[in-house]
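Asks: Whenever a hint applies, use it, and build me the whole structure from the sequences.
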Amino acid sequence: MQSLLEWVDARFPLLKVWNEHLAEYYAPKNFNFWYYFGSLAILMLVLQIFSGIFLTIHYKPDVGLAFASVEYIMRDVPWGWFIRYLHSTGASAFFIVIYLHMFRALLYGSHRGPRELVWIMGMVIFVALMAESFMGYLLPWGNMSYWGAQVIINLFDAIPVIGPGLSEWIRGDFVISDATLNRFFAFHVAAVPLVLVILVFMHIVALHRVGSNNPDGIEIKENKGADGIPLDGIPFHPYYTVKDIVAVVVFLIVLSSVLFFAPELGGWFLEHDNFTPANVLQTPPEIVPLWYFTPYYSILRACTPDYMIYLSIFVGIVGAMTLFSARNIMVKAVAVVTPLILIVGFYTLEAKFWGVVAMGVSIMVFFALPWLDRSTVKSIRYRGWMYKTALGIFVVTFLVLGYLGTQPPEGLYKALAQIGTLIYFAFFAFMPWYSQIDKTKPVPERVT
Amino acid sequence: MPVLSVAGGGNGHKLDPVSIDLEDKVSLQRGATIFVNYCLSCHSAAYMRYNRLAKDLKFSDDPKESEKFVAKNMLFAADKIGDLMKAAMPIEDAKDWFGVAPPDLTLLARYRGPDWIYTYLRSFYLDEKSPSGWNNTVFENVAMPHVLYEWQGTQKAYFTKNEEGVKVFDRFEMIKSGTKSPQDFDKDMRDLTNFFVYLGEPSQLKRQRVGWYVLLFLALFLVVTYFLKKEYWKDVH
Ligand code: HEM
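In order, the protein sequence lines correspond to chains A and B.
Under our numbering, the residue at position 83 of the first sequence is numbered 107, and the numbers go up by one with no gaps.
Under our numbering, the residue at position 204 of the second sequence is numbered 209, and the numbers go up by one with no gaps.
It is worth saying that the hints were derived from the structure and are not from the lab.
Model, not experiment: these values are computed from the prediction.
Among the clues, some could well be false.
Straight-line Cα separation of at most 30 Å, DSS-like style, residue types lysine-lysine; simulated pairs [said to hold, decoys possible]:
#1 B/172 with A/438
#2 B/239 with B/30
#3 B/234 with A/53
#4 B/85 with A/84
#5 B/19 with A/40
#6 B/30 with A/40
#7 B/239 with A/53
#8 B/239 with A/40
#9 B/239 with A/245
#10 A/412 with A/245
#11 A/438 with B/192
What the simulated footprint calls covered on chain A by chain B, stretch by stretch (three residues with Cβ under 8 Å from a Cβ of chain B suffice, anywhere in the stretch; the number is not a length) [as the list claims (entries may be wrong)]:
#12 224-238
#13 258-271
#14 292-299
#15 388-401
Don't be surprised by glycine CBs; every beta carbon is placed ideally from N, CA and C.
Replies: Laid out in structure tokens, this is it:
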């Protein structure tokens, strides 16, 4: 055994990789609950790829066969129901894990320097993951698969000039058809998973370069012992491997409870309208994406013509605040010109187009987080009431928007979604100010 | 695009709750028998095989006998026990007759939910304005005739207007009683609904059974991993 290892190590840096990333990777000793979700995300990625391969063995990407092939898996393939539910429940579980993983960064300032690239790679993963699940949802060729894809892809039509050509290019046809199903299949099973695996690899390489943050937001590398090892660090292996395994088991218990006892989760994980095959002539009573997209869907639908006045006021205020607080003349110019262009745009282009823009921005704005946050401390433990309040309101707003996205946008619900959209953007737009003036507490030297 | 008239209709007919019990094999067998005899002529259940039905519903304790029973008593629209449950009537004919093809019913319960099915089956009423002579309070202008009217009898529906002036369902009145008492008919429809719930997901019982073993295993594993973690972390302060 030992000689085999030596033989391999002479030809491949096995020991070096093992040490650098596990046995001698020093992680802060004060990781808490929120730090489990990175390893759980890796677990979910592996489970999705594993179950996906088994599904692909029996699934048929053809509009005439797709729906029946899924039912074939559910009925005739031994343990096919398990594989299918693992994949469908897993998709939702993956998003829960990722949302909590991202929320941890908002709590402890993990996106702040020197971890900006870790965060940016994470955001690229997040966008890729959304593309992955959006395309995967078309594959069972249920009625909601069809109409959901129809509605979302038609959105691109609203983009001036290139819109119609673009949406046709995505579909490969004038309507959602066999061509669309086939290309989505190719992307869902090959292209995007490959990209995800590579991105996750880079995400972790980047993290291990700078080292993990922790609930105190203190750089443990600034307090090293004589041996060069951070005083507050412990080797990832075995300490965090054994700790993460406990979390994996608890997580699997939750996952299994849904998978085996409520795989539809009352229509939240598998929609009722997707148990009837795609039908061009029969629109589902309410077209709703799966829950993890509904906050953005709410934002999309909030942008109606009568909403433009509020958006105008909003960009006006943000522009004015930037104008007065910026020192650089270029920034001042941008702060004047951008709102003006936008306001002209709000009243000349379709509201639907601005809905698409707002939805895009609501996701992309996370990329800017490391630079929007101007606090002198990272962790929420040492921040003042402003950031805490803002984050609390943001979380509630995100959840409310998520719920509203599943409801018809009428009356009170529509008004709530419109207010929610403004709060959502306010969290980011005003962050440079409130995070800066917020009174902070002194940060201890060493982790607590 | 035409919009599907939805569950519970806009007309205020509340869905009647139904109790589902997949362990009740007698109920499932009765439901399957009604389905094969009265529905399969028009509707298919084309993701389901007869031999699966025989295996799960246990018409006899001996699996071979159960298959023989199904082959003898239920195989009207197919030749082989391994066949899918296709409808007896070709889709094109059905379209000519009813204007719409009767939809496949394999996944009905997952799509509509058991309460909707149970209510739908008991809510056909006479309507001269409809081509088939029938209408349904939870499925407005349904193209399906009331195929079980001999059992249930013939009922008329009464509607009132609510505060907003919208027509809402008030009550049914039996104008000609059927061959079955209302209690017996409801029981049959409950069995049929029960069968649809089974049909929508035949592996349900197995799924739950396996689930308990998985949870039990994970719970034991949790104890082991928890103490392993504790052991390693003893010296971290
Ligand atoms: C497939 C998806 C992902 C996987 C497998 C993954 C994996 C990991 C792992 C294993 C860690 C270290 C353990 C931990 O701190 O929890 C980590 C850290 C981190 N991840 Fe991810 N991640 C994913 C997606 C994301 C996304 C979408 C974001 C945010 C946009 C993100 C942001 C971060 C940040 C900022 C850290 C450093 C946290 C700290 O040190 O406090 N990750 N990730």
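Asks: Against this structure, judge whether each hint is valid.
Replies: Each hint tested on the structure:
1. B/172 with A/438: holds (27 Å)
2. B/239 with B/30: violated (55 Å)
3. B/234 with A/53: holds (14 Å)
4. B/85 with A/84: holds (25 Å)
5. B/19 with A/40: Roughly 68 Å between the alpha carbons, so the hint for residue 19 of chain B and residue 40 of chain A is violated.
6. B/30 with A/40: violated (61 Å)
7. B/239 with A/53: This hinted pair holds, its Cα atoms lying about 13 Å apart.
8. B/239 with A/40: The given pair, whose Cα atoms are some 28 Å apart, holds under the 30 Å limit.
9. B/239 with A/245: It holds: about 24 Å lies between the C-alpha atoms, which stays within 30 Å.
10. A/412 with A/245: Judged against 30 Å, a Cα distance of about 27 Å means the pair holds.
11. A/438 with B/192: violated (44 Å)
12. 224-238: Per the Cβ count (0), the hint is violated.
13. 258-271: holds (count 7)
14. 292-299: Satisfied; 3 residues make the cut.
15. 388-401: It is violated, with 0 qualifying residues against the three required.
Violated hints, in rising order: 2, 5, 6, 11, 12 and 15; the structure is consistent with all others.
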